[in-house]
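A.B. asks: Chain by chain, the residues run as shown.
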Amino acid sequence: MKEFDLKISTPAGDTFSGKAVQLTVRGTEGSLGILAGHIPFVTVIKPSECHFTLPDNTQKTFATGGGLLLVESDAVTVLSSEIKLTD
Amino acid sequence: MSANIKRLKARIKSVDSTLHLTKAMQLVASGKIRKATEQLHASRSYTDAVKSVVSALARSKECAYSPFIAGHKAGKNTGKTLLIVIAGDRGLAGGYNSNAFRLADSVNADELVPIGRRSVDRAIGGAHGRMSPVSEGYATERFTPEDSKRLASAICERYLSGEIGRVMIVSTRYVSVLTQNAVLTQLLPVDKNASIEMFSNRGKDQKRSNKEDAAPKAEHELEDGGYMEFEPDPNSVLSVAIPEYVSSMIYGAVRESFASEVAARRFAMDSATKNGIVMKDNLSLEYNRARQGAITQEIVEIVAGAGDKQ
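Chains F and R are the protein sequences, given in the same order.
Sequence positions in the first sequence follow numbering that gives the first Met the number 0 and run 0 to 86.
Sequence positions in the second sequence follow numbering that gives the first Met the number 0 and run 0 to 309.
I should point out that these hints are in silico values taken from the structure, not numbers from a laboratory.
One or more hints might be untrue.
Cross-link-like lysine to aspartate or glutamate pairs, in silico, DMTMM-like; alpha carbons within 25 Å at most [what the hints assert, rightly or not]:
#1 Lys50/R / Glu81/F
#2 Lys45/F / Glu37/R
#3 Lys50/R / Glu37/R
#4 Lys83/F / Asp4/F
#5 Lys34/R / Asp55/F
#6 Lys83/F / Glu28/F
#7 Lys83/F / Asp55/F
#8 Lys83/F / Asp190/R
#9 Lys1/F / Asp190/R
#10 Lys45/F / Asp13/F
#11 Lys6/F / Glu230/R
#12 Lys60/R / Glu145/R
#13 Lys6/F / Glu81/F
#14 Lys6/F / Glu145/R
Chain F is faced by these chain R residues, among others (derived, beta-carbon under 8 Å) [stated by the list, open to error]:
#15 Ile4
#16 Ala48
#17 Pro144
#18 Ser147
#19 Met227
#20 Glu230
#21 Pro231
#22 Ser246
#23 Tyr250
Each residue gets a CB set at the ideal place from its N, CA and C atoms; glycine is no exception.
I would like the entire structure built from these sequences, with the hints used as guidance.
C.D. replies: In structure tokens, the structure reads:
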């Protein structure tokens, strides 16, 4: 699977920054999955539990109190003032 | 002569105790610089990302009439300016506080949100404008993202209700350990022209590649031809992005200012310590000369006295 740069950013610093192959978040229109090569877009993330998959297939989970998702050609940024990596 | 010696001794003692103070403050500031710059760099990445989202929104056609971008319509807009003034928690930081205050004085502000104890003290003294009801009197060192979020949502609420028409912020930009500049930035309405270049460039590249596959949706095209999709629509994203933007801009500015304060203090205390050492050396030399002079004088008097007796 193709990789993309994922950054999970909070005002106090980046909670995660590295390569990932998939990201699943809950947007205003329901759950959405992001893969590499997605068209650039911005959406609102609802308070929820989100998942992402690393290139070595390990799943990671984080909880967010809501924020923004910014997708650029091969860089995905999750912006939220409240984020906690659960594992 | 002995009065002079006594006076010199007292001065040396006082310079010495000042030196202790400046040295201690310099050490404390040096210790804090690393943490302050780390926090600054951590906050920059978030602030830049939020800024790029908002600048893309500001350039989208749908958001052009939002009060956050276009400003309030005539009539609803009270024209009041809210000014956030970020200064230090303490003095003895060279020109750091006075530069920020001088810049703040140049703005005709109706409401004031001071951040930093010096700034709060000044605002209570009624230096410029009156205190805003949203102000809680913060210290820069312990200013948290939560404080910033609370402040930002209170400001956005007042802005939307039309109680204020403009939000400006005075902060100090950290350029390097030796250079810090006081800057005035407009937060709301969002300044379209101050948008970040990198984002529009990236958007343009993407648009080109999109054209090869399928025609981009014209409705989300940005004014300058960049391309970015917003889900569900630009205005809903804007309503979430703006408080986040204001909050991150305030938090980022506080971190910039705090790093500047610490760097300015270290520099100021470093030169104060150097000057103090030179002063102490000169005074010690003068003191030793005076003491030696007094001893020589005494010996001369004793010898003369002994000579008289013989």
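A.B. asks: Next step is simple, just say for each hint if it's right about the structure.
C.D. replies: Results for each hint:
Under the criterion of a C-alpha separation no larger than 25 Å, the hint pairing Lys50/R with Glu81/F is consistent with the structure, at around 18 Å. This hinted pair does not check out: Lys45/F and Glu37/R have alpha carbons roughly 30 Å apart, beyond 25 Å. Straight-line distance between C-alpha atoms of Lys50/R and Glu37/R comes to about 20 Å, which keeps the hinted pair within the 25 Å bound. Restraint check for Lys83/F and Asp4/F: satisfied, since their Cα atoms lie roughly 19 Å apart, inside the 25 Å limit.
A threshold of 25 Å between alpha carbons decides the hint, and for Lys34/R with Asp55/F the separation of about 34 Å lies outside it, so the pair is violated. At roughly 23 Å between alpha-carbon atoms, Lys83/F and Glu28/F fall within 25 Å of each other, so this suggested pair holds. For the hint linking Lys83/F to Asp55/F, the alpha-carbon distance of about 22 Å falls within 25 Å, and the restraint holds. Our distance criterion of 25 Å between C-alpha atoms is broken by Lys83/F and Asp190/R, whose separation comes to about 33 Å.
Restraint check for Lys1/F and Asp190/R: not satisfied, since their Cα atoms lie roughly 37 Å apart, outside the 25 Å limit. The suggested pairing of Lys45/F with Asp13/F holds, with an alpha-carbon distance near 19 Å, which does not exceed 25 Å. Proximity of Lys6/F to Glu230/R is assessed by CA-CA distance (about 20 Å); at most 25 Å being required, the pair is judged to hold. Between Lys60/R and Glu145/R the CA atoms are separated by roughly 32 Å; this puts the pair beyond 25 Å, and the hint is violated.
Of the pairs offered as hints, the one joining Lys6/F and Glu81/F holds, with about 14 Å between alpha carbons and a cut-off of 25 Å not exceeded. This hinted pair checks out: Lys6/F and Glu145/R have alpha carbons roughly 21 Å apart, not beyond 25 Å. About 58 Å separates the beta-carbon of Ile4/R from the nearest beta-carbon of chain F, more than 8 Å, and the hint is not met. At about 5 Å, the closest approach between the beta carbon of Ala48/R and any beta carbon in chain F falls short of 8 Å, and the interface hint on this residue holds.
With 8 Å as the threshold, the beta carbon of Pro144/R comes within range of chain F, its nearest partner Cβ sitting at about 4 Å, so the hint holds. Taken as an interface hint, Ser147/R checks out: its beta carbon lies about 7 Å from the nearest beta carbon of chain F, inside 8 Å. Interface hint status for Met227/R: upheld, as the beta-carbon distance to the closest one in chain F is roughly 5 Å, under 8 Å. Satisfaction of the interface hint for Glu230/R is found here, the shortest Cβ-Cβ separation to chain F being roughly 4 Å, below the 8 Å cut-off.
This hint holds: Pro231/R has a C-beta 6 Å from the nearest C-beta of chain F, less than the 8 Å allowed. For the restraint placing Ser246/R at the interface with chain F, the shortest Cβ-Cβ distance is roughly 7 Å, inside the 8 Å limit, so the hint holds. Because the closest C-beta pair between Tyr250/R and chain F is about 5 Å apart, less than 8 Å, the hint holds.
In the structure shown, a violation is registered for the earlier hints numbered 2, 5, 8, 9, 12, 15, in ascending order.
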